[in-house]
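Undergrad: This is what each chain is made of:
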Amino acid sequence: MEKAIEAQGLTKVFGWFGKKIIAVDSLEMSIDSGTIHGFIGPNGAGKTTTIKMLIGAIKPTRGKAFIFGEAAGSVRAKAFIGYSPEHPDFYSMSALEFLVYNGELCGLKQGEAKKRGKELLDWLGLSDFADKNARKFSAGMKQKLSLAQALIHDPDVLILDEPTANLDPIGRYEVLEKIAELAKKQKKTVFVSSHILLELEKIVDHVTIINKGKVILQSEINDLRKRFSERHFIINTKNNQNYLKSIQALQGAENAWINHEMKIEVLVKDSTRFKKAVIEMFRGKEDELIELLPLRMSLENIFLKVMGRETE
Amino acid sequence: MINFAVTQMVVKKYLTPKVIILYLIVLCAPLFFMTQGIQDIPFLKTSVLELKTEYIFGFLLFSGFVWVSGACIGIFSSLICSSFVAEEASDKTLLLMVSKPVSRTGFLLSKFTGFLILALIYSVLSAFASIYAITSFLNLDLLTFFRMLQAVPSLIGFSILVSLFFGSLGVFFSSLTSSKLKVVVPVIGILVFSFFVFAPVRGIARDNGIYSGQVLEFTDLGYDFGNLYVSILKMNSVKTIPFIQSMLGMVTGVYKIPEHMVRIDFDQGFILENLERESYHSVSTSFAKLFLAVFLFLGSGVFYFKKRDIH
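In order, the protein sequence lines correspond to chains A and B.
Heads up: the first sequence at position 290 corresponds to 290 in our numbering, and the numbers run straight through without jumps.
Heads up: the second sequence at position 9 corresponds to 9 in our numbering, and the numbers run straight through without jumps.
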């Protein structure tokens, strides 16, 4: 598959001499074309700095990045991308004028830019605000307009830095739904960073976790879930307290406990042997076993696990 | 390389009725106070019309140098160019702009092209507005008004040179910082120093013999601007009376100042001799210095902007 975004040893060091801060440290990353890629990490992990290096706003100290093979920051690379920052702000002009200006900056003719701008405002539900001063928009409207300006030249890659920051739940839902629609219908590559992992996991198909400027995990989300869920089971019986000790003692089980839903959660060494042992245990008394399921790990749980901060 | 949308945006931003009116008020307010002073000069009240016209014309040329085509347009230029990078960076609009498929060099030069168009428009506006204002404030006749129109090409030419210099200086400082204030303060400081503050320093330095051949001579912007202004007047066949030569000499050092500081034709009808020019460097050197500075400031501005991280 064609690579939409690649980073090779991307490094950014801020400050001078004694006060050096390594924001991004030899980052290696490869994003396939046509995927929705979540870029997650704790505060100060280097997400925004990485994104700014990809769009050419920040010059890397070392390493290289490419957008469809073009050096990040070059005019050719920037022609492929549409970028929306975490806190977008605009000139004091109407929303449509702003979109037309952005379109013209991207090489569109005024007429084309106006047509495209109107389409985007309509798509994002901002048609009624086309003539209103963009600077006076609410946070949610600004995020939508920022998405519109990123899409004005119909780019192949969308780079979105916290597109749902400062939005209420409805605003978050609307923006994420639009992003998902873009990727599915228009086959765009979306590279999105967000703190709200519960919502992000609904749209992403790949994920990169970054911490202290380094990539610590990059995977397809289904593989990731499988990998983290393989050793984790949920068992529900008619009397969980009674069965807890027996389950702890089963072959292949490593640890078992009653979770907040009052179900038995089990961490296993060998999932095949464990499943067989459970089935043997309940043979003849099948009605006692209500459910035996591998635990579906949320992205948030996986993230916390990867970051070494288990919640339970 | 030039993106016309960017150029157009700069022109549209500073060519609104609000900005034009504000500019005209700022331009004309000092002229109003200066003309009030002129009306009280006793000998002008008794002068013959021809001489009075010459003095008023001379007043236009002097105020043209220090204010109309000098400080006023210089400050305006620095205000426009300081917004190119610094204001956009502080307003957070620059981040979006640098993500667009336009090179940073192209972006900045497109803005500067917009500024050049504005400089031309405002130079023309300044020249005509100042002449109209002086004519109105002094209740002058139509003949004097037409006499003063002779200064228009010189005022426009000098305004453009001043705009170029302070505009490019604004671009340079703007590329270094994200605070408009940090751009405007040093640029206006250099302007005030060159046009007003350096005059006494120059006088003392010349009297003590430490001016010529020293760094002072090379960095004396006031002298270079004066040198260029006088040569532009000469190119346009605009003659200055000794009184105005004395005034220009005091501010810029381009004329040798007489003992009594200014030479006034108290004896009406008797034409005084022109003052002798101080030729520290030739007009071509002053031109070369100015254009070199413009290219240097603009080039450095582009260089730093290209290198700069945008947050």
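Don't read these hints as lab results, they were simulated from the structure.
Every residue gets a Cβ at the ideal spot worked out from N, C-alpha and C, and that includes glycine.
It is possible that part of the hints are untrue.
Okay, derived cross-link-like pairs now, BS3-like style, lysine-lysine, Cα gap no bigger than 30 angstroms in a straight line [stated by the list, open to error]: (1) K256/B with K212/A; (2) K238/A with K275/A; (3) K256/B with K109/A; (4) K307/B with K214/A; (5) K239/B with K20/A; (6) K306/B with K64/A; (7) K18/B with K45/B; (8) K59/A with K92/B; (9) K214/A with K20/A; (10) K182/B with K19/A.
Quick look at which bits of chain B chain A covers, simulated, 3 or more residues with Cβ under 8 angstroms [stated by the list, open to error]: (11) 62-76; (12) 95-108; (13) 298-311.
Undergrad: Now tell me, hint by hint, if it's right for this structure.
TA: Each hint, compared with the structure:
With a C-alpha separation of about 68 angstroms, the suggested pair K256/B and K212/A falls outside the 30 angstroms cut-off, and the hint is violated. Distance restraint check for K238/A and K275/A: the Cα-Cα separation of roughly 18 angstroms lies within the 30 angstroms cut-off, and the hinted pair is therefore satisfied. For a cut-off of 30 angstroms, the pair hint linking K256/B to K109/A is broken: about 59 angstroms separates their Cα positions. Proximity of K307/B to K214/A is assessed by CA-CA distance (about 24 angstroms); at most 30 angstroms being required, the pair is judged to hold.
Restraint check: the Cα-Cα separation between K239/B and K20/A comes to about 62 angstroms, which exceeds 30 angstroms; the hinted pair is violated. For the proposed pair K306/B and K64/A, the alpha carbon gap of about 17 angstroms is at most 30 angstroms, so the pair holds. For the suggested pair K18/B and K45/B, the alpha carbons sit about 38 angstroms apart, so the restraint of at most 30 angstroms is broken. Between K59/A and K92/B the alpha-carbon distance is near 18 angstroms, which keeps this suggested pair within the 30 angstroms criterion.
The hinted pair formed by K214/A and K20/A meets the criterion: a straight-line CA distance of about 17 angstroms does not exceed 30 angstroms. Using a Cα cut-off of 30 angstroms, the hinted pair K182/B and K19/A holds, with the two alpha carbons roughly 24 angstroms apart. Given a C-beta distance limit of less than 8 angstroms, the hint that chain A covers the segment 62-76 of chain B is violated, as 0 residues qualify and 3 are needed. Only residues whose C-beta sits within less than 8 angstroms of a C-beta in chain A count toward coverage, and the segment 95-108 of chain B has 9 of them, enough to reach three; the restraint holds.
Remark: the segment 298-311 of chain B is confirmed as covered by chain A, as 4 of its residues place a Cβ nearer than 8 angstroms to a Cβ of that chain, reaching the required three.
Checked against the numbered hints given earlier, the structure breaks hints 1, 3, 5, 7, 11 and satisfies all the rest.
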